[in-house]
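One letter stands for each residue in the lines below.
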Amino acid sequence: MPEQHDSYWAKTSSLMYVMLGLWFFFSFAVHMFVVPLNKIVILGFPLGFYMAAQGSLIAFVAMLFWFAKAQDRIDVEEGVAEEE
Amino acid sequence: MATQESAGGGDFLNNLGRVYGIYTGGFAAFIVLIAILEQLGVPNRVLGYMFVGFTILVYAFIGIISRTMQVSEYYVAGRRVPAFYNGMATGADWMSGASFVGMAGSLFLLGYDGLAFVLGWTGGYVLVAILVAPFLRKFGAYTVPDFLAARYEGNGARLMGVIVLMACSFTYVVAQIFATGLIAQRFLGMDFVVAVYVGLLGILVCSMLGGMRAVTWTQVAQYIVLIVAYLIPVVILSAKKFGIPIPQLTYGQAIAQITSLEQSFVAQGLASAEAMAARAHVTPFNSYSPANYFALILCLMVGTASLPHVLMRYFTTPSVKEARISVAWSLLFIFLLYFTAPAYAAFSKLEVYSTLIGKNIADMPQWVYNWGSLGLVTICGKAAASAEAVRAACSAVAGHAGILRLQDFGINTDVVVLSTPEIAGLPYVIAGLVAAGGLAAALSTADGLLLAIANALSHDIYYKMIDPNAPTARRLIVSRIFLVLVAVAAAWTASQRPADILSMVAWAFSIAAAGLFPALVLGVWWKRTTKQGAIWGMLAGFGVCMLYLVVTRYFPGFGVKFLAMSSLLNPVTGAPVVDLNAAMAAPNAMQGWVAASHPLASKVGWFNINNISAALFGLPVGFLVMYVVSLMTPAPSKEMQDFIDACRRPKGQTLMEEKTA
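Quick mapping for you: the protein sequence lines, in order, are chains W and U. Our numbering numbers the first residue of the first sequence as 1 and each following residue consecutively. Our numbering numbers the first residue of the second sequence as 1001 and each following residue consecutively.
Simulated from the structure, these hints should not be mistaken for lab results. Misleading hints may appear alongside valid ones.
Simulated coverage check for chain U against chain W, where a stretch passes if three residues somewhere in it have a Cβ under 8 Å from a Cβ of chain W [claimed, not checked]:
| no. | region |
| --- | --- |
| 1 | 1122-1132 |
| 2 | 1148-1155 |
| 3 | 1246-1253 |
| 4 | 1317-1326 |
| 5 | 1330-1341 |
Beta carbons are placed, not taken as given, at the ideal position from N, Cα and C, and that holds for glycine.
Okay, chain W solo, but in the shape it has when bound:
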């Protein structure tokens, strides 16, 4: 039981760090380049502005649905999923 649990928490932790990295990228890193990105204009949107107004938001939503799936898979693999 303990070693099985350790591998569960190791997998859960690495998923958390991947999500945290993506979160940092879409919350901060990409917006640090807003000035150069604004030189690219698509459909009237300067890209730097677009990333803050919509791009990062779309990424957050997609990340969370993906995370819920990925964590469920870990739960099942490690045998700690809830009984239905």
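Position chain U against the provided structure of chain W, taking the given hints into account.
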């Protein structure tokens, strides 16, 4: 009603799709009915009352049929709310009256820098999902302080949790009741104070009898009203202007036109090049310095992951798995509003720039006078109540040529959303819909906040700390008494019209972040965190955050003299915003509890950080103190380590078993 018999909830829960489908259809039919009545000549005032009255009656009806005397139903809706519906309820819980009415206006005024709010109020849900919510759900808490007390062994941590919760939630709920009063005043012509207490009744009837269960199902109903009300006007506007009913796609063209108009204003002498540089819509960092912009995003995000009224929504799902997917649904429903708000701002700005600026001041459209007479639109520094008032105000400005310049025009942030139906030339029914939506947003958030406060007082303070043997019936009665007391206190505070209340909402995020986030995250992710570490860490983080807020806003002179604070800097020029030597020499420099108009209030600080980002100091201090004190004290017991392991694994029963009968 079918829902009435199924007090146990089985039939209702199995038929959620049908119930809310019928509800949405009924709401659409009601809008059509009002539109027909308007064509028949029924006065606008009556239509406004019908809109607001009908929606509040529906919420009250749901609140009353969801009444309960079971503890777990009252505190966590019986843990049977499916992820999808919990997502909708969280959306309504989360989006406040200010988000609905004021967010687009802030984006209008701040341009790119206002997007810090859009980012901060969405990205925080990533932290909720990966760091906090599923583990709190597994623990099986009724309140956030409940978890702190279990993890940090005792009522010390519980009390700290309750104090932080009260500090962040109370100002927030006052702001919601304030917003309710404003909306009722503006659309129904009610007296503000009367409107505040009417709003209070609307809030209480939803939450008092059924606790979390009633709040959940009214919030779902409120979400549907608020999102329909937010999207319809701007969708119609987009279709009219650009031929495509997807505003989120078409406002790129509006932005391009705004940018070219901005350049033409400078060319025509309608705005100076410097003024335009400080106001250009897509140019970053002309309202906040880059450091302040990113600090604000961080504080809003971490605050989101710590606010108790949000976290407690995830206690209501049937499983840990559902809690995780529910966070994703929540963000999707919130996203629908927040990625539309910049479109409102852009359309509104384009309208103002293309039809007002550079035109003769005698040719203002009617909507300017409608909002001007309420003091919400100003021209040449005076309320634009009528054509004569505008002419008089501008002729008083030296050298004014009678052509409206950019700097002549002022607009209140609330007007942007509220005036869109008029700007688009839509019938009154749409304006009534917007009012109902704003009210739904304010009421739903107020419900969630009030419940969070009342539950902390009744469950954590009364039941857990004062009378652990209290019978269930008495606990629920005490809870309702607290709910009414807190609600009345909040309504009374709102009726005093505290000027600062809206800026205080942003403070709530910093307070929650600095006070609660380290203890919640380390409690799950670092087994070595000890009881003493947690208590001292919360105290230090919360203390530093409050100190920064209160000193910069209310005791700025003391901050400069004793705490080495300096003037904030202008983000464009880098010059100090106040001359500290002159201000400190003035006789009012060392006054306390100063008004917002005081020359130093909210204009001083450390490292040029605005006080809305106070958690930038409180958060690291909280983490550091918690880490150091934990290492200095003996490691948590074997039982506690096993407890944390159990919190981390979804399998098995919730850890806090509660007598429910």
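field: Violations among the numbered hints
entry: 2
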